[in-house]
Structures are given as structure tokens and as C-alpha cells.
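Asks: Listed below are the residues making up each chain.
Protein chains: 2
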Amino acid sequence: MKNGNADEKEPLRPMDAEQLRKYGHKMIDFIADYYKSIEQFPVLSQVQPDYLKDLLPNFAPDQPEKFQDILDDITKKIIPGVTHWQNPNFFGYFSASSSIAGFLGEILCSGLNVIGFNWLTSPASTELEIIVLDWLAKLLNLPDKFLSSGHGGGIIQGTASEAILVVLLAARDKILLRIGRNSMDKLVVYSSDQVHSFFKKACQIAGIHSENFRVLQTNASSGHGIDPRILDQAIHDDMDIGLIPFFLCATVGTTSSAAVDPLVEIGLITEENGMWFHVDAAYAGNACICSEYRHYLDGVEYADSFGINPYKWLLVNFDCSCLWVKDQRDLVNSLTTNPVYLENMIFRKNNFVDFKDMEIQIGRRFRSLKLWMVFRLYGVENLKEHIRKNIKLARQFEKLVRSDNRFEIVCPGMFSLVCFRLLPHNENDGGYELNSKLLDAVNSTGKLFFTHTIISDKYILRFAVGATLTEERHIIESWKVIQNQATLVSRKFTQQNKN
Amino acid sequence: MKNGNADEKEPLRPMDAEQLRKYGHKMIDFIADYYKSIEQFPVLSQVQPDYLKDLLPNFAPDQPEKFQDILDDITKKIIPGVTHWQNPNFFGYFSASSSIAGFLGEILCSGLNVIGFNWLTSPASTELEIIVLDWLAKLLNLPDKFLSSGHGGGIIQGTASEAILVVLLAARDKILLRIGRNSMDKLVVYSSDQVHSFFKKACQIAGIHSENFRVLQTNASSGHGIDPRILDQAIHDDMDIGLIPFFLCATVGTTSSAAVDPLVEIGLITEENGMWFHVDAAYAGNACICSEYRHYLDGVEYADSFGINPYKWLLVNFDCSCLWVKDQRDLVNSLTTNPVYLENMIFRKNNFVDFKDMEIQIGRRFRSLKLWMVFRLYGVENLKEHIRKNIKLARQFEKLVRSDNRFEIVCPGMFSLVCFRLLPHNENDGGYELNSKLLDAVNSTGKLFFTHTIISDKYILRFAVGATLTEERHIIESWKVIQNQATLVSRKFTQQNKN
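Chains Y and C are the protein sequences, given in the same order.
Once you know that position 401 of the first sequence is 401 in UniProt numbering, the rest is easy, because the numbers rise by one and skip nothing.
Once you know that position 49 of the second sequence is 49 in UniProt numbering, the rest is easy, because the numbers rise by one and skip nothing.
The following block holds chain Y by itself, in its conformation from the complex (with noise of 0.2 angstroms):
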């Protein structure tokens, strides 16, 4: 290859051992330096859209540049444009939480860079995968049923939303195949009215009826998780006029609020109805490897599927979501493909179930890695602690929000999530304006991050804790740097109001 890197005596071999090695530590040093300094950096990114257009050519180079030049414009014309998930005042959506352990497992994920579509591709990538899901699913104490020594196990998805999307096609091809796919426009899903936004997105693509899409009102006083009985009447009055309810996806820890459906309850109704029943824990499930969280998830044996994302809590590097079902059949029934030019002798010989017949896409990484990188380095007991640790960090945050009689919490505080809100001097807006006005004030500091909700009507402002390096004094500061902004956008909302 030429050589247009003048720091370089040396030509550019694109996989040379030596040099690999060479820019590797740089890069690992460009990264730990990061870290060391990540508290500078305001979390959200506070540059303007389209601000990347001019500091970037409109042609790709035709010649190497110097790695060096890269680095200083990673520093200069990247970082800026970056919101620092990793920060420890990130307090925003949930946490990409990340680590070590996770971070070297996605490098050996890409130094080795195997395709591991099929068994025969990488054995280690399907088995690892089958053996780190086991694991995983007993730490969960999940029934037997999604352990992989019957039908039943777990893949690796990329994020929930793939995962809710397979099993959804999963469910709907099953009911299909015995009803007839003349009756495809009779399905009916349900699911509250704090469910994932991807789920609406998942019955788009799977074809299921916009009208059959039955959203369940929820409301404070059962802790804005589904009422059974109005789950109960909705599939009543469904089958009434002919249709047919087939799917329920329920939530341990809804996106707005960490809501947790009541999994026994809802589960008999499915069970008693023939329905496949999901359930979707990707932020609060990982807090189940703890024994005094592990009741939320009491009735998950009624589940045909459920999913936790252990990149939101569970230290493992984004994307890594992890999804079981009881009968990976029927997952491989809607999914499959096997041409010709994938069969092979080995492949003919053994049992496998194909990961690829279980997912959307047929290329996969091998994320196996960094879930079993982050159990060994770490070990489950540390695993706990970190959770433990975040849970307090937000009931310490919720019990400052307490002592500031300007404020409210609004829904009971779950898991490491905090839901509360400045108070308005009226509820015609559910204060909302006020609301907004602070949380984009806080977050034009650069200080802290933090997102926001809507739930019945009310504005409300989200304090999710979860983010690695997040300790006590990022809390106490994180809180007053809103009480002061607070102060600020009250007095101008009130002068405002007067003019």
C-alpha cells in the first residue's frame, strides 16, 4: 500500500500484526485519557445541528493521512459533537452502562471479526452464546423451561426491539399457521399504555391491523401497571365480535416510569386464552439477579418469552440484549432460511439450533464475549453490589428531591429511576412549560443530562442513576445544580406570567 504517513517509516499493511499492535495502544491510550478527563466535557453535547459540515471535507480522501491527524480531529471535531453517555452526570433515558470487562470483549468481538451466522462459521460464537444466556437465565432464576437443555433458550439480540419484533412474527406465524392467514386482519395485541414506543413499531412492520393494536390505560393507583381486569374485558370484548387476541407484551420496568406490570395476574389471563405472552424487562430485569428485586419477575413462568438488556444495567457494552423463549422452534419456524451454499457436513451433523434462524438479520458478531468477559472479570457478587449501588444512589437523590418543598416526586421510586417535578403555580399546562424550562436549562449547563416524560397529562422530569462511574457527589451536585436552575426559571416564569 502507499504510503502517505509521514509519522510512519514503514508502509500501511491494512492487517499487519506490528502495526496493529502500534496504533491499538495509541488508540487505548486516546480512550483511557478520555476517561480521565470525561468529566470535563459538558454531558450533553452542546453544539449546533449540521455544525459537522463544515469541518469535514466533501470528499473522501484519495490519499492516507497521518494517524495522528485523525486523533487531534477525534479531539477537536468528533468529542465536541458527542453527549457523554459515559459521564457520570449522565442521568438521561436509561444508562449505556459499559465497563472494562465489556469494552475488551467488544476488541476480541472485532480483532477476531467472525461472521458466526451458523454453528460451523465459529463454534464458539453459537456455543458461548448458548452457555452465557444459561447462565445468565439462573442468576435470573428463571423457570427451567428457557434453559437450553429442551426446546427453550437464549439468543443475544442487538436491542429489544428486535427482540419483541422476533417473537411478535414468531406468535403471529404460529396462530397463523392454525387459523389461516386469511385471518390475519382478526389479530389483536394488547399492551399498556406505557409500553415501549418500539412495540407499535413491531405490529407496523409484522402487518397486525392498526386498529387492532389495544393500548390499556393504566393510572397511579395501580403504580401505572396493567389492571387485570381491564386486560380481562378488553380480550372479552375482542373475542365478542370475532376477533382474535393473540399477544399481550407486558413491561418490568417501563420506559416513562420503571412501571412493572402484575406478570401473575396478566399471565393466567394469557394462559387461559391461548395467547403468547412476552415479557419485556430490558432496563429493570437486571436488577432481578438480586434476590430482594427477583419478586418482580414472580409469574414469569406463565411467559412464552422474555428479555432483559444487559447493556442498560449489567456493565456489558452497547448493543447486547438477551432474549429467552421456551420453544426456540417457534422462533425458527417464522425465521428460518437455509439455502444451499450454507449446508456442510459438520452442519448436517449436529443438533444446532442456527442463531440465524432466530433473528432478523443472518450476520452476527460475537457478542458472547463481553456478557462472559464481564461475569469472569467482575463475578456475580460485584454484579450485584453495582446495582445495589445505583438503587441507593437514586433513593438518595429522591430523598433530596423530598427536602425541596418547590419539587414533588411524582410516582413511587423504582429501581434507580426518579420521577418528580417542580411544581407549577397552576396544573393547566400539567406543567409542562415550567417543566421543560428547567430540564433544557439544566441541560444547557452541560453539567448533568437528564430526560423527561409525559404521564397522565402531568410534565415530568426523569432521574435515571445507572451510568459506571455515577458516585455520591455526582447525586449532591447533580441536585443542586437543578435547584439553582430552578430558582432561576421560577423567577422568569414568574416575571414572565406578571408582563
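Among the hints, a few may not be true.
FRET-style restraints, in silico, Cβ to Cβ [claimed, not checked]:
| # | chain 1 | residue 1 | chain 2 | residue 2 | range |
| --- | --- | --- | --- | --- | --- |
| 1 | Y | I476 | C | G180 | 54 to 60 angstroms |
| 2 | Y | S291 | C | R13 | 21 to 27 angstroms |
| 3 | C | N333 | Y | I476 | 42 to 48 angstroms |
| 4 | Y | S403 | C | K53 | 52 to 58 angstroms |
| 5 | Y | I241 | C | R13 | 56 to 62 angstroms |
Under the rule of at most 27 angstroms between Cα atoms (straight-line distance), these lysine-lysine pairs were calculated in the BS3-like manner [to be verified]:
| # | chain 1 | residue 1 | chain 2 | residue 2 |
| --- | --- | --- | --- | --- |
| 6 | Y | K66 | C | K36 |
| 7 | Y | K138 | C | K76 |
| 8 | Y | K200 | C | K326 |
| 9 | C | K326 | Y | K53 |
| 10 | C | K66 | Y | K22 |
| 11 | Y | K22 | C | K76 |
| 12 | Y | K36 | C | K26 |
| 13 | Y | K76 | C | K138 |
| 14 | Y | K186 | C | K200 |
| 15 | C | K174 | Y | K186 |
| 16 | C | K66 | Y | K384 |
| 17 | C | K389 | Y | K66 |
| 18 | Y | K66 | C | K138 |
| 19 | C | K326 | C | K138 |
| 20 | C | K53 | Y | K145 |
| 21 | C | K22 | Y | K389 |
| 22 | C | K22 | Y | K36 |
| 23 | Y | K326 | C | K200 |
| 24 | C | K186 | Y | K200 |
| 25 | Y | K77 | C | K138 |
| 26 | C | K26 | Y | K26 |
Think of the hints as simulated: they come from the structure by calculation, not from any bench.
Every residue, glycine too, gets a C-beta built ideally from N, C-alpha and C.
Knowing the structure of chain Y, use the given hints to seat chain C on it.
Replies: Below, chain C without anything else, positioned relative to chain Y:
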């Protein structure tokens, strides 16, 4: 955190900068050493099914383990189960090309660990993706409509599977909006019999009636490309019985033989009939950055969407599939989700289309970094040289095959793929038994790995050049191994048929 890590004096801290530096350097050294010795491993893993179960414990460890022990386990337990896609003697499927730059981009992506589902969550993630996909579109000389300046533009999907699925969904919902969803069962899709196996799966996911999946037969006379007359006839036959042709998936570089559909002729037909025209150039499209291969994309101006996989041939580590559409609104209309908790002041102000609304999943990695680093560290000229070198090596291999009259070249040599077979004594089984035995015998040596396909009832051996480290000597040595095994297999075969 508790420290069970006896080789370290300090307790483990999951995201400590200095520990990340120390462990990170060790992992880089591990991978550099792997590449130094990569030719010593059997290319195809030689383990037996379920090999790993007995090597790993049944439960995740409670306490932390030593990092060195984990590295030792990778060497002893994981590596033997790896099929070495990066070994220079890997000639299977299409290769997963990788490079130091791609690897560094992955490290950076994982180090920052941001989830850039909309602009706000890391502006650089959205904006760099727009810019590098424009760079690549210009390199491929795509029509301006595929650039981001108007309604078009590119997006990075994980694999071509997702790319095909999202455009199929967009096309489906676009036509259903016009003709009403009751016409769902009238929708017909078209492709050749050489289309990627995923296309059928995409249709199944999208709910296209399996009887409305038209597989157009190809043959050697048209180089296994679609015959426009057959397409035209099929479309008119369907319209005559009241069906609605709406989607054609064409391929530039089919999986079996790298065949190319005639884009101009079939593009004119789709235009005339108001159909969505997708061009899947996952593998061969990469070669079209070289002017001498660009003519294979002539006709892409008729396409609504077009995709290539830089991870297959442009030195970008897996995964990375680039999809361009002329009108992003078609994707957004089909795949948008805008829950209230993702709204934001800055989000409202800018006009960016969120990439989450043009793909299946919502969470997304910062994958443009690796594409950007590959362009910059190598430069376009070197990327072209890499493509040309691979194609030259493939033609060299083809020459070797032709020089041995026991073999025949089955399809004309296209790009870096060679399709050949050992001539059978009779054609009763299309050479299946003889050639499958040869393939298994060669792959069992561990010295190289290649794969097969079946075209026109013939069992064909596929030799795909593309691993980054492959040099002339690997081609020559591999051919010797194939020749030797052919001698052994032919001898056994003759003896066996005598007995």
C-alpha cells in the same frame, strides 16, 4: 468492588481510566499476537459439536477471576472453536474484510459507548454518518438523488438483511397507503432464483403472501442474471389476474456466482410499472469504486434503493451495511416512532431525520467511525488497489484451475470469486458426491476453507478471495492442497464405485 483479582494489587473499578489502559494494552497485545500466529490455526475450526459445554462451568462465577486466567481460557477454549475468517487462507462465503483502521474505529465506538438513536443523543454520530455515506456515494458515482442534499441519503444498517427488509417495508406501506390495506394479498415481489436467501425471509416478515413471491429462473446464457423478458412477462401475467407487482430485488454480485442483473433493462420495466426497485450489491458493489467496474451499476439511476456491505470488501470490520434511498421519507413513514420521552428542544429545532426511524431497531451504535477511519487511514487509492489486488488473485486462481484438466470453471469469473468443480465421471448427481467429498476433505485439513453452492443442479465449489491478509502464496499453496485432495478423493471414489 471486591477484588478477587489476585494478580492485581488494586481493587477492580469497572471504568477506571488507568485499569482500562492497562487491561486494554494487554488485550491489544493479545490480538496482535493472534494475528502474528494466525496462519498456524486450522482455518475451519476442527472442534466437535458441544465441545465447549464440558470446558466451562455451569454457573457464572460469584467472585472476580484473574484477567490472565481469562486470556488463557480464550487461547485454550475459545480460539480452538473459532473459524478464522481473518486467516489469509479463508476463501469461504464472501470474506469479512477487516483492517487496523476498521478495528480502531470499533474500539473508539465501543470506548465512547454512546447510543445515537437521534441527533441529540450524539450529534456527531448522526452527522458523521450522513457525511461518510455521502463520501461513499460519490465514490460509487451514485446519482445525486442518493445524496443527503435533497430527500435522499444513506444510512448504516447492520447487514444487507436489515437493508432489504426496511426498503421492502417502506415499499409495502407506500403502496398500501395508496391502494388500501385490504389489497395486501395482491402484492407481488420479484427476484431471480439467485437472490440472497434473506429476501424470502424479508417477504415472510413483511407478510407478503408466499404464493406472491416470484422467483425468476436464470441460466448460464444470461450469466445467471435476470432475463428482462421473463420479468416483463411475469409482471404482465400477474397484472392480468388482478395482482399488483410492487417490488423487485435485483442483485449485483449474487451469493452463488457473483452474477449481475441487467439494471438498465429491468430498471426500465420497474419504472414503467411503478414498482419499487432495490439493488442489493452487498459484495460486488464495493468493487464499483474502481472505474473499470462501475459499469455494473449502470441503471442504478432507476433504483429507489441501493446497498453495499463495506464489511465484505472495503476493510471495514463487521458489521456495516450501507443503504441509500432516494427518498428517506418512505422509510420514515413506515418505521417512525416518536414517543414523548424522546422529544427535546434541540430535537424540535433541527430538521434531521432520526436514523432510528429508518431502521428496525431504535438503539444504534456509532458505526460511521470505522468507515471514516478506513477512508482516512488508507485513502481511496489504496482501497481501490486492495480491490484490484483481490480480483487479480482470483483470476490467478482461475488460471491454476484451468491448467488442471480434472477441473472445470463453471461460471465466468466475476469479481474476486471463482466457481469451479472437479469433473465428475458422470453427471447423475451433478457432481454432488465427488465435489462435496473434496470440499469436506480440503476443509478438514484446516489449511484453507472454502464453500460451495448449487447452480442449475450442479454442485459447485466457490473460492472467494477477500481476506485482508491473502497474498499470492496463499493462492498457490491452497491450490496445491485442493489438487492433492482431489487426487485422494478421486482415488477413493473410483475404488468405492468399483466395490
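Asks: Each hint needs a verdict: does it hold in this structure or not?
Replies: Quick rundown of the hints versus the structure:
1. I476/Y <-> G180/C: 54 to 60 angstroms: 59 angstroms, holds
2. S291/Y <-> R13/C: 21 to 27 angstroms: Holds: the Cβ-Cβ distance is about 25 angstroms, inside 21 to 27 angstroms.
3. N333/C <-> I476/Y: 42 to 48 angstroms: 46 angstroms, holds
4. S403/Y <-> K53/C: 52 to 58 angstroms: With a Cβ separation near 54 angstroms, S403/Y and K53/C satisfy 52 to 58 angstroms, so the hint holds.
5. I241/Y <-> R13/C: 56 to 62 angstroms: The hint (56 to 62 angstroms, Cβ to Cβ) holds, given that I241/Y and R13/C are roughly 59 angstroms apart.
6. K66/Y <-> K36/C: Judged against 27 angstroms, a Cα distance of about 24 angstroms means the pair holds.
7. K138/Y <-> K76/C: The given pair, whose Cα atoms are some 26 angstroms apart, holds under the 27 angstroms limit.
8. K200/Y <-> K326/C: The hint holds at about 26 angstroms.
9. K326/C <-> K53/Y: 20 angstroms, holds
10. K66/C <-> K22/Y: 25 angstroms, holds
11. K22/Y <-> K76/C: Cα-Cα ~25 angstroms, so holds.
12. K36/Y <-> K26/C: 19 angstroms, holds
13. K76/Y <-> K138/C: At roughly 26 angstroms apart (the allowed maximum being 27 angstroms), K138/C and K76/Y satisfy the hint.
14. K186/Y <-> K200/C: 24 angstroms, holds
15. K174/C <-> K186/Y: At roughly 22 angstroms apart (the allowed maximum being 27 angstroms), K186/Y and K174/C satisfy the hint.
16. K66/C <-> K384/Y: 19 angstroms, holds
17. K389/C <-> K66/Y: 24 angstroms, holds
18. K66/Y <-> K138/C: OK: K66/Y and K138/C at ~23 angstroms, within 27 angstroms.
19. K326/C <-> K138/C: The hint holds at about 14 angstroms.
20. K53/C <-> K145/Y: This hinted pair holds, its Cα atoms lying about 19 angstroms apart.
21. K22/C <-> K389/Y: 26 angstroms, holds
22. K22/C <-> K36/Y: Cα-Cα ~13 angstroms, so holds.
23. K326/Y <-> K200/C: 26 angstroms, holds
24. K186/C <-> K200/Y: 24 angstroms, holds
25. K77/Y <-> K138/C: 22 angstroms, holds
26. K26/C <-> K26/Y: Given that 27 angstroms is the threshold and the Cα spacing comes to 13 angstroms, the pair holds.
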